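Protein chains: 6
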Amino acid sequence: MHVLVVNCNTSESMTAEIVAVAELAAAPGTQIVGAQPSWGVSSAEGFYDSFISAAGVLDVLSTWSGPVDAVVLAGFGEHGREGARQLLDVPVVDITEAAAYLASLVSHRFGVVTTMRSAVEAIQQSLDTAGIADRCAGIQAAEIPVLQAHRDPAAAADALQPIAQGLIDSGADGIVLGCAGFAGLDVVLQERLGVPVVDGVAAAVTLCEGLVRLGKTTSKLGPYAPPSADKSRPGWPPARIPAGI
Amino acid sequence: MHVLVVNCNTSESMTAEIVAVAELAAAPGTQIVGAQPSWGVSSAEGFYDSFISAAGVLDVLSTWSGPVDAVVLAGFGEHGREGARQLLDVPVVDITEAAAYLASLVSHRFGVVTTMRSAVEAIQQSLDTAGIADRCAGIQAAEIPVLQAHRDPAAAADALQPIAQGLIDSGADGIVLGCAGFAGLDVVLQERLGVPVVDGVAAAVTLCEGLVRLGKTTSKLGPYAPPSADKSRPGWPPARIPAGI
Amino acid sequence: MHVLVVNCNTSESMTAEIVAVAELAAAPGTQIVGAQPSWGVSSAEGFYDSFISAAGVLDVLSTWSGPVDAVVLAGFGEHGREGARQLLDVPVVDITEAAAYLASLVSHRFGVVTTMRSAVEAIQQSLDTAGIADRCAGIQAAEIPVLQAHRDPAAAADALQPIAQGLIDSGADGIVLGCAGFAGLDVVLQERLGVPVVDGVAAAVTLCEGLVRLGKTTSKLGPYAPPSADKSRPGWPPARIPAGI
Amino acid sequence: MHVLVVNCNTSESMTAEIVAVAELAAAPGTQIVGAQPSWGVSSAEGFYDSFISAAGVLDVLSTWSGPVDAVVLAGFGEHGREGARQLLDVPVVDITEAAAYLASLVSHRFGVVTTMRSAVEAIQQSLDTAGIADRCAGIQAAEIPVLQAHRDPAAAADALQPIAQGLIDSGADGIVLGCAGFAGLDVVLQERLGVPVVDGVAAAVTLCEGLVRLGKTTSKLGPYAPPSADKSRPGWPPARIPAGI
Amino acid sequence: MHVLVVNCNTSESMTAEIVAVAELAAAPGTQIVGAQPSWGVSSAEGFYDSFISAAGVLDVLSTWSGPVDAVVLAGFGEHGREGARQLLDVPVVDITEAAAYLASLVSHRFGVVTTMRSAVEAIQQSLDTAGIADRCAGIQAAEIPVLQAHRDPAAAADALQPIAQGLIDSGADGIVLGCAGFAGLDVVLQERLGVPVVDGVAAAVTLCEGLVRLGKTTSKLGPYAPPSADKSRPGWPPARIPAGI
Amino acid sequence: MHVLVVNCNTSESMTAEIVAVAELAAAPGTQIVGAQPSWGVSSAEGFYDSFISAAGVLDVLSTWSGPVDAVVLAGFGEHGREGARQLLDVPVVDITEAAAYLASLVSHRFGVVTTMRSAVEAIQQSLDTAGIADRCAGIQAAEIPVLQAHRDPAAAADALQPIAQGLIDSGADGIVLGCAGFAGLDVVLQERLGVPVVDGVAAAVTLCEGLVRLGKTTSKLGPYAPPSADKSRPGWPPARIPAGI
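Here the protein sequences come in this chain order: A, B, C, D, E and F. Going by the numbering used here, the first residue of the first sequence is number 1, and it counts up by one from there. Going by the numbering used here, the first residue of the second sequence is number 1, and it counts up by one from there. Going by the numbering used here, the first residue of the third sequence is number 1, and it counts up by one from there. Going by the numbering used here, the first residue of the fourth sequence is number 1, and it counts up by one from there. Going by the numbering used here, the first residue of the fifth sequence is number 1, and it counts up by one from there. Going by the numbering used here, the first residue of the sixth sequence is number 1, and it counts up by one from there.
Hints are computed from structural coordinates only; laboratory data are not their basis. It is possible that part of the hints are untrue.
For identical chains, the list gives no copy identity; a pair is met inside one copy or between any two copies.
Pairs of lysine to aspartate or glutamate residues, derived as EDC-like cross-links and limited to a Cα-Cα distance of at most 20 Å, are as follows [what the hints assert, rightly or not]:
hint, residue 1, residue 2
1, Lys-220, Asp-89
2, Lys-220, Asp-69
3, Lys-220, Asp-230
4, Lys-231, Asp-169
5, Lys-231, Asp-158
6, Lys-231, Asp-134
7, Lys-220, Glu-12
8, Lys-220, Asp-169
9, Lys-220, Asp-128
10, Lys-231, Glu-23
11, Lys-231, Asp-152
12, Lys-231, Asp-128
Note that this is a predicted model, so its numbers are computed, not measured.
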């Protein structure tokens, strides 16, 4: 089974890290393939970046030619989810939903710890539109930029811990890592906090595996019907440029 | 990995069927173990049966001695979920939530087809308390008793099809099978209806596998903290009697 | 008129206390009859106990043979309400709903003070499913076990007062006593706090009287239709054992 | 105990009818006193009439000098409720809330049958602000003007029956009579429909009795604090004129 | 274009101030006409005053004979809105909705600063029934009576600033002035706080202008259909008395 | 005052039409400037197109050099709104919100008529995230592609009329035109239907004028803070290509 994990930003090193975490989560026989947009944002923190990122990710997906059985959208709280579902027949799992669903199975109310204040409302909106916001006890930012978290995971864990503890103190009994750049921090934080800590990338990989094994594909009889082929999309997708930070 | 699948009624043949479906869904290396309450209801269709069933299922779980890494609660819309989470450290996955979550990943709004009108409101309540009701487009009953569905799956599929189609016509683009006794009908209905059809038992097995692989256990720092050991529970669990239909 | 007040735990002394409070609330001509499960939990504080208690209470109700015109379910935030309504034609009034409704008539937003943190989420769920949660300003626990409150009411009142005051300070203008074991404390707390304090047992008795006087019985044309008589419920109800703490 | 029942319109004959229904519902020892605004609307059907009626009712209450232990606001879906609660220390029970609460105790979802289409949205708003709208399955009008219903109850019952049946067919299992002018029709409709039918006037009387017996008065520490006495209210209340149709 | 701005209280000097603010907001060619009830409340702070004020305002509107193309209801959080819409064909813009809508266009979540604690819940209800409460981050009172704010705007601004800052600190990124008596303070507070501050009177004037220019009038095919002309409204409107403080 | 109206698709003729409608709505002194993405979709009908369109529109805005005092986003139900608000200091008015707000001032519940079934859920999501969905009575599609509506407005009006009437029959008392391509049809439909019909483009122009006149700019102290300037956005914006259908 091939699971395509699409980083929402253009950082290849972050893609590599996400792929590594996904591989750890994957069952034997699952092959993780990483990708990132060839253009867009080096990191997404807030609405504007999120919309650019969404188009970049849809560009990747609309032109992907390799084998793929399911897709993980590795941008926490980022836009594009429903567009990707229109585009593809295979299951598309957003790490926001994935983390929220798994956290809701092992805790009563989850709190989300994220990078920057600017990302909080986009995450809230993503949980709202996914219909799982009722289980969320709060979203708090540690004011760590995405790429800094990616470069220094130990410092990120230290910064996230008190934020997560604050959420627990005010009613959360589980924690969701609200950034793909936090991937891998769930183990250490879980140990320190004493509650389940869910990383969306890992969660999404297991959900993809489940959906594929059960033979589920994305519904095509509703709003995820394929984009109309009759219309022109001038200049789409944009010409490629080499990505990187 | 051992996944304990607990049928919510006392029918051993239904347990066997559920186990068979669970085994089909399971990954290599996952061992499915079936169980059912030794007392309670031969089938659960509505609130009263559901509460009896909940106690019977908690009885099974409170005295289970075999190896278990995760538990599937195989009663659609039945009570007891949060109590089981208090009782156990391992993940507890209710097929109601499991089906709703997976359906929400491959469709925009799911409809639920269930057995009897009497079960509809209990299912609604279960989706409400799980916090995923926003994604549900409707719940409709085919007026097939649970055990009849279990005995004649072909007839059940025929009865469910028009009900499911009605839900699709009014806005659902995915279907959830709202009874453990429908387990296995997802494939045939999916083919006939042209939308993803999710069976909760199969869905729950894959969610258990994911949670176990990721090292998640049920939170013990909130409402799922273990039941107080200081208090007496007179006559609990009740004395065993041989079950069967 | 006979009002059956069913304690949700097996403590006969607590039943006696509840009956005493109910009698004080009752109109002339109303005869209060007390009962408790013959098995289950000596006190219910949280989901697990609540589900056991629900089955025990349904056992009491399914086998009750005395005259009864209405039933009070005297477990605050406990499960079983909808099952009891299926079982009986006479009105069934849960003290959770009763207190919430009366409090909503004399205050704009009520706060709930309860025993243990472990009970908070079960109460929240009960208010949610009753559809009256919008009027609730918060639920706070005083960390007094049920039976301790029952044994030392003066200490319970002292412990509840600052918790209730905190709720008032944050927007509640009425207080609901969130445990049947607090029955009788409404008067003293009302005096100390200066806002209406509603005890669910007393509230429920008056609601039963009203419903009976108006000739209302539980609807049998929807989800409260009687449990199917066609099915077997093996081992249900369980064999009786002598109850007590 | 004196319960003041305030008709929301100026029709003295309708007040008399409402008082008669209230007396039937009242317990021995409860004395029903009727009143209506001396100015305002001969019947209230929709927002505009409702606001005029609210002021007229507040005028009655602000100048009432007789003994009163509780007040029933006998206008279904009419405004003024929260203002009356500010004005008075004794409990104020709106028939909208009263009917909704009692119906929620004996049915899972209630439907409301009312007079005119123009009243539907005002009723919806009243249920919304009372926080009990989740239990309402729908509000339908029979297109009977209030006063016509008052004059010809048999015809009103005939007109309401199919409307109520339609609500039951679409999911309601209880009916609320959505007009004080329907008072007394609950018995005949209950018999015909086979589900509980709740009349708000009768319901409110029993709730008043319960609140008074339990010693509850309206909270004065929040939004129901007495209207400021420091300010002038020029021309309020307006000069009296003889009312009547 | 004539825009009638109706102050909700009887203070003519406050009307004058509101008119002045409205004129500043008006486009060239818009003529602002001020009015206030001839009876009612000298200021409205809470439910009781609000209902009296609503009737007084409806009295003004029902007897207005001058040219009018749109109406501004200049009472923040006050009742009567839907009644005025029934009464008139021209657009009726409540300053509560007006401020909330404009604030929602330039901020993600707005906070409301108002006069007295007693007004908070009425404002909440007004936002709820307008259907825009989801965008509101909180409502806080500065404990400044309406008329005091009107008389000493500089002191009012000083009192409002920390309250508004508190709302911003807890998540609001825009502020709504929750009293017609604060009209004109938006400029100074906007400068001090660094977020958009919206005054409902000014907002409503621009909305009226837009609606009139686009040829929109109030819908007459639903709950805003004209009040029935067939019924009597005895003593309505009440006899005039001279207003003033 | 310069109001930049950005069509969400690449059709220059549709931009021209939208500009014409905007000019009709504009007050004297307002200069309408039209623009459209240089790449993207020739029409947007559903999630996938909407996300591409969002990026194209943000590209237009991020590089706009002409004078601009406010921006209208002329894509009904399309994404990008919050990103544009981050990017710009001037007010950004989405036609979805604009139409919903104005419709809510002249009707109690509005229905939305749109082009294709594929757009319905995106519109629902846009109303949900704008926080105004409570006022929406339904969204129905006439199955007219955007560009066909643009080319043959008379046929579009004929097709929309029965759809709008259906919404009115089921409870709407106002209609919102759910596509920028319907701009200008509000007058004819309003006449035929007898309820207010609101076109978002015209509505948004008047809201922009109001916000600018009142000196409101987009909040920069919350989620609309400017996108971080520290990060790289490789390949963004994409190289221009000539647009057109």
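Tell me, please, which holds for Lys-220 and Asp-230 at an alpha-carbon limit of 20 Å: within, between, both or neither? within (17 Å within a copy, 41 Å between copies)
Pop the pair Lys-220 and Asp-128 into one bin, within, between, both or neither, using alpha-carbon distances up to 20 Å. neither (23 Å within a copy, 23 Å between copies)
At most 20 Å between C-alpha atoms: does Lys-231 with Asp-134 qualify within a copy, between copies, both, or neither? Neither. Shortest intra-copy (39 Å) and inter-copy (32 Å) distances fail the 20 Å Cα cut-off.
I want to check one pair: Lys-231 and Asp-128. Are their C-alpha atoms no more than 20 Å apart within a copy, between two copies, both, or neither? Neither: 31 Å inside a copy, 28 Å across copies.
State whether the alpha carbon distance between Lys-220 and Glu-12 is at most 20 Å within one copy, between copies, both, or neither. neither (32 Å within a copy, 31 Å between copies)
When no copy is specified for Lys-220 and Asp-69, does a C-alpha distance of 20 Å or less occur within a copy, between copies, both, or neither? Close inside one copy (16 Å), not across copies (36 Å); limit 20 Å.
For Lys-231 and Asp-158, with the copy left unspecified, which applies at a CA distance of at most 20 Å: within, between, both, or neither? neither (51 Å within a copy, 24 Å between copies)
Identical-chain pair category, Lys-220 with Asp-169, by Cα at 20 Å: Result: close only across copies, 14 Å inter versus 43 Å intra.
Using 20 Å as the alpha-carbon threshold, which applies to Lys-231 and Asp-169: within, between, both, or neither? Neither: 53 Å inside a copy, 26 Å across copies.
Could you place Lys-231 and Glu-23 in one of the four classes (within, between, both, neither) given a Cα distance threshold of 20 Å? For Lys-231 and Glu-23, neither the intra-copy (39 Å) nor the inter-copy (28 Å) Cα distance is at most 20 Å.
Within, between, both or neither: how does the pair Lys-220, Asp-89 come out at a Cα-Cα threshold of 20 Å? within (8 Å within a copy, 39 Å between copies)
Classify it for me, Lys-231 with Asp-152: is the Cα-Cα distance of at most 20 Å met within a copy, between copies, both or neither? between (46 Å within a copy, 17 Å between copies)
In terms of the numbered hints stated before, the structure departs from hints 4, 5, 6, 7, 9, 10 and 12, listed from lowest to highest.
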